[in-house]
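Since the structure of chain C is already known, use the hints to place chain R on it.
2 protein chains.
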Amino acid sequence: MSSGKILVAQGGGPTAVINQSLVGVVLEARRHHGIQRVYGARHGVRGIVDEDFVDLTRETSQNLERVAATPAAALGSTRDKPDLAYCREMFKVLKAHAIGHFFNIGGNDSSDTVRIVAEQAQAAGYPLRCIHIPKTIDNDLVLNDHTPGFPSAARFVAQAFAGANLDNAALPGVYVGVVMGRHAGFLTAASALSRKYPDDGPHLIYLPERVFTVDQFLADVKAVHERLGRCVVAVSEGIHDAAGQPILAQLSKRNANDATKDLERDAHGNVQLSGSGALADRLCDQIKASLGIQRVRGDTFGYLQRSFLGCVSDVDQREAREVGEKAVQYAMWGRHGELRDGSVAIQRSGAYAADYTLLPLAAVAGKTRTMEDHFISASGTDVTDAFRLYLRPLLGSGMPEPFRLRPSPVPRLLRL
Amino acid sequence: MSSGKILVAQGGGPTAVINQSLVGVVLEARRHHGIQRVYGARHGVRGIVDEDFVDLTRETSQNLERVAATPAAALGSTRDKPDLAYCREMFKVLKAHAIGHFFNIGGNDSSDTVRIVAEQAQAAGYPLRCIHIPKTIDNDLVLNDHTPGFPSAARFVAQAFAGANLDNAALPGVYVGVVMGRHAGFLTAASALSRKYPDDGPHLIYLPERVFTVDQFLADVKAVHERLGRCVVAVSEGIHDAAGQPILAQLSKRNANDATKDLERDAHGNVQLSGSGALADRLCDQIKASLGIQRVRGDTFGYLQRSFLGCVSDVDQREAREVGEKAVQYAMWGRHGELRDGSVAIQRSGAYAADYTLLPLAAVAGKTRTMEDHFISASGTDVTDAFRLYLRPLLGSGMPEPFRLRPSPVPRLLRL
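Here the protein sequences line up with chains C and R, keeping their order. For the first sequence, position 282 matches number 286 in the numbering used here, and the numbering has no gaps at all. For the second sequence, position 63 matches number 67 in the numbering used here, and the numbering has no gaps at all.
Chain C extracted, bound-state conformation (with noise of 0.2 Å):
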């Protein structure tokens, strides 16, 4: 079948449960009678191009359920995003290796790596499977429901924003939380999966979907402070105007000496939106300043969101699993009609069951999912209870509940 040999590989930004897909590929690999072996590949695309492999046939099951349950990539990951010349070299390592199968476990730009090098294997007549396994936190791969790693991040947010509300509600004033999420605001609208009581904040919500002024978020803060005495906010780090510019950089520009005017950019122009507190800290000065609220705090939820060690969705847990032991499955029995290379794809099935099935890489490779329209308000800055419905059994069991006292006020003596 082929010479026994797989190689998997973890790509982009950690998440709690990236490993749990490793460990489906290899755990499941050790049922199939046609692999030998299973190579792991350190920090990714990178580890191949270097030659740098572990062999993971080695470990131990027992130690690889514990590694399934610890969040970040255990093989390590990386940003290079290959171009041909850097797939080649890939795929000159993979043939003298004479790897059978290769898995890559990441998101669009994973996938699209797979793409080229799968392409670049039938081009050369050699007999290299290829599999993509989704994983981001973002929730941005097309055709899947959802993506391994967004639940897990999703209930963080919203078990940080239950707890951000309380805290706001205990000492009144502006909170605004940031949210992870350049291009996709999921993540942030999974901030209103903390509401319980009709009052709850997050009271705004605001996505990238959505065009962002500034004057706007000041008069829709306004509104509710006025009403209730005190607003929560929830802001993804990727809101941006109508020209598609981030706020970050437009509100550093208004403050011409500011010391973030040299905003860090990717290799793709990109400005690092991460990493740091800016937006948080601007859209901050931007309420103390126009709206005179004393008591105004920022946080930004940085790496905590993808990374925090103990806040995991059950649901999330067992989904990676399965789609590194679909991966496999498809790989070796090769279903699917024709299909030899591809992308692992969850589906849902009623409310709430997972499916699996294989999609071809051009299909998912590349292209970047946004939030549907019908999952944001007619207003802009809340979620419609569609989305509530389709995120709330993937935060899994468990999710911690606040409960407030009854209110029972005692008659005043001295001020009638």
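No incorrect hints appear here.
Since the list gives no way to pick one copy over another, a pair counts as held whenever it fits inside one copy or between any two copies.
The calculated lysine-lysine pairs, modelled on DSS-like cross-linking and capped at a C-alpha distance of 25 Å, are:
(1) Lys99 to Lys85
(2) Lys85 to Lys292
(3) Lys257 to Lys292
(4) Lys226 to Lys292
(5) Lys371 to Lys85
(6) Lys96 to Lys9
(7) Lys96 to Lys85
(8) Lys99 to Lys9
(9) Lys200 to Lys226
Hint data in this document are derived by calculation from the structure and do not stem from the laboratory.
Then chain R, alone, in the frame of chain C:
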């Protein structure tokens, strides 16, 4: 014995377990026939001056148990720091409602308030007993082994750094995490409890108990980065120079046109440290500018570390409950010699059990504990084993633990 009316209030920054202490007071009071009514003051001492009380006698024990498990302050909190005139107003209201016992849950400001109110009552010959119930994530109350709220916040910080360390190992670079604590470094020091493997971060820990210099910081980070190819740093928001000036203020001044130059100050002229990502951002700017390291990311844990719903120490929960229960017992049974008023304190027995005592208010009020020297390593950038032994039992049961793949390199075929 008394009028049969008691009043309880919550003050200062919310914690994960302050409602346990509130519920400890309310449920313990139900056992005492001398108590007919339990009032709660809304938003701390502010609610006393405003005569804004709720009748907790009417709350169900079922809901009280749920509220106990909810973070933040169920009665609402306040940042008001009563002076003599303010305390006289409070006393006037307590007298009007014939309150026999006043319980105030909070940190050293709250204990000082209790002290002044008790003095007022004694001077007026009014039979009021005043008990301070300890609470603060800063762990800075003197004569307490530790304070309720600190263990849960410490657990959050440890879990956050465990995840941040894994993330940093997967995508190497420098990571700076800023933790709350103006004068006391206990909470920042808790980051050390996240380490498991020998090269785990945080590799450097900066506490307000030691003088911080930017040059030494940069040299420290450079050395770790050269050794490990990565570096995780825990920084207290309260780090300061030899003159006691906050580093945030110093770094903002260096950058004379910085948007943060107008630093917010509180009533005491202290620079506002929390609720902004400025310190992490400025430290990251320094590292990028001076060390030429590409991937430098900063997080500020902000309000998440004291409010996050679903990260709590069970030891902290039960101790916070007990200090509330003990407060009522001390008040009703008047043990501890002649002590009429007092501050409940936690004492450590063996390894590990907790016990309680009642201290004179003057012994605790307005005093600040900082980390003892034997808890800080000679380098000044780490903690000692004594600190690890001190903190570990407080973090409670079920601490999540990270696991790694064991090394098993595959021999190279192309790059020999």
